[in-house]
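Participant: Take these sequences, add in the hints, and give me the full structure.
Chains as they are written, first to last, in the numbering used here: chain A, 300 to 526; chain B, 219 to 319.
These are calculated hints, taken from the structure and not from any lab test.
You may find that some hints are simply not true.
To be verified - Far from chain A, by Cβ distances over 10 Å, these chain B residues were calculated:
#1 R278
#2 V313
#3 P316
To be verified - One side of the interface only, derived from the structure: several residues of chain B facing chain A at Cβ under 7 Å:
#4 Y229
#5 S231
#6 L239
#7 I242
#8 T243
#9 T284
#10 L286
In this text, a Cβ means the ideal position worked out from N, Cα and C, and glycines have one as well.
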Amino acid sequence: MSNAVAHAEAHGHAVPHDALQHHFETMQQQKEASTLGMWVFLLTEVLFFGGLFFAYLLYRVWYFDAFAEASRTLDISLGAFNTAVLIGSSLTMALAVRSAQTNQRSATVRWLISTIVLGCVFLGVKVIEYADKFEHHHVPGPNFVSESVWAAQEQIFFSLYFTMTGLHALHMIVGVGVMSVVTWMAAKGRFDEHYYTPVEMTGLYWHFVDLVWIYLFPLLYLVERHN
Amino acid sequence: MSGHVSPKSLYYSIFGALMVLTAITVFAAYVNLGAMNAPIALAIATFKATLVVLFFMHVRYSSRLTKLVVVTSLFFLAILLGEMMMDYASRGMGVVLPTLQ
Chain A
300 MSNAVAHAEA HGHAVPHDAL QHHFETMQQQ KEASTLGMWV FLLTEVLFFG GLFFAYLLYR
360 VWYFDAFAEA SRTLDISLGA FNTAVLIGSS LTMALAVRSA QTNQRSATVR WLISTIVLGC
420 VFLGVKVIEY ADKFEHHHVP GPNFVSESVW AAQEQIFFSL YFTMTGLHAL HMIVGVGVMS
480 VVTWMAAKGR FDEHYYTPVE MTGLYWHFVD LVWIYLFPLL YLVERHN
Chain B
219 MSGHVSPKSL YYSIFGALMV LTAITVFAAY VNLGAMNAPI ALAIATFKAT LVVLFFMHVR
279 YSSRLTKLVV VTSLFFLAIL LGEMMMDYAS RGMGVVLPTL Q
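Facilitator: In structure tokens:
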């Protein structure tokens with residue numbers, strides 16, 4: 300590093316940033332590469348969840364009455380509350396990235412911790428909802444109980460419900476883990492206005508998790524609520 | 219070098235819009251719109267998703283390459299869903315049941 304600084308000073312170049320890897324020309328190029336990589340990963344995630352959404356839509360068209368009936372057993376107020384919590388966590392995440400961009404270290408840490416807390420609130424509500432499903436024997440399998448003529452088809456709904464919300468929750472658990480590391484890095488002063496890529500990439504991931512829920516909420520909780 | 223910094227007010231406005239749209243989704247679900255209930259719910263969700271992608275995920279201010287990848291993800295999704303639809307629609311085509319032979 301000192302050689303690089305001496306070289307830069309001798310030739311009148313700008314001093315390279317500490318976080319600049321040797322295989323990149325500029326910080327801008329390095330950030331662009333990370334952003335591209337992250338979006339390609341998110342592309343695979345779109346396909347991953349896309350297949351599940353398609354399976355859901357197909358069965359919903361086949362067994363609409365069963366899906367409507369099963370959907371009504373979900374607690375709409377808990378679902379709506381969680382939607383608000385998750386959108387709120389996207390706001391705090393966006394503000395964390397903004398604080399990192401403007402080199403406000405303590406604000407970055409504060410917003411990241413807020414995001415983690417909101418993420419945990421979401422997961423906590425999900426635990427309450429899952430526990431309720433187990434209690435009422437709404438979990439597909441040998442212990443499933445339903446008086447409906449659509450009992451078998453309702454299990455398809457609940458299978459999709461647990462698969463999709465479960466995978467979504469798993470993504471959130473991973474996100475909370477990643478955010479904890481990034482928060483620690485931010486607290487250590489690893490970021491400044493020229494280098495905050497980990498905060499921004501974590502933000503992209505977290506907003507994607509929010510996106511999945513934006514579709515899951517109406518599809519699972521609001522199949523047919525009128526009449 | 220630090221990229222586009224959006225004003226805080228923009229983030230609060232987007233958050234407000236997303237909350238209002240969530241309330242509209244819940245409200246619309248309680249109104250009998252016949253076959254239109256699901257398309258309306260999906261349309262609102264897609265509008266919300268667009269707001270998140272453009273502003274929270276900064277795609278509006280991203281490079282053209284990033285924008286291309288975002289659009290490509292939708293294109294790939296269309297291929298995936300399209301091929302699954304073709305498979306679904308053509309299941310059993312040309313199969314002669316043994317009892318009819």
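Participant: Work down the list of hints and note, for each, if the structure agrees.
Facilitator: Quick rundown of the hints versus the structure:
The claim that R278 of chain B lies off the interface holds: its Cβ sits roughly 13 Å from the closest Cβ of chain A, which is beyond the 10 Å cut-off. With a closest Cβ-Cβ approach of about 20 Å to chain A, V313 of chain B is found to remain outside the 10 Å limit, as its non-interface label requires. Every C-beta of chain A lies more than 10 Å from that of P316 of chain B, the closest at about 26 Å, which supports listing it as non-interface. Annotation: Y229 of chain B was flagged as interfacial toward chain A, and the flag holds, the nearest CB pair being 5 Å apart, inside 7 Å.
Taking 7 Å as the C-beta cut-off, the interface hint given for S231 of chain B is violated, the closest approach to chain A being about 10 Å. Using the Cβ-Cβ criterion of 7 Å, the hint placing L239 of chain B at the interface with chain A is not satisfied: the shortest such distance is roughly 9 Å. Annotation: interface hint on I242 of chain B violated; nearest CB of chain A at approximately 11 Å, more than 7 Å. Because the closest C-beta pair between T243 of chain B and chain A is about 5 Å apart, less than 7 Å, the hint holds.
At about 6 Å, the closest approach between the beta carbon of T284 of chain B and any beta carbon in chain A falls short of 7 Å, and the interface hint on this residue holds. Given hint, L286 of chain B at the interface with chain A, is violated; its Cβ is 9 Å from that chain's nearest Cβ, farther than 7 Å.
Hint check: violations occur at hints 5, 6, 7, 10; the rest are consistent with the structure.
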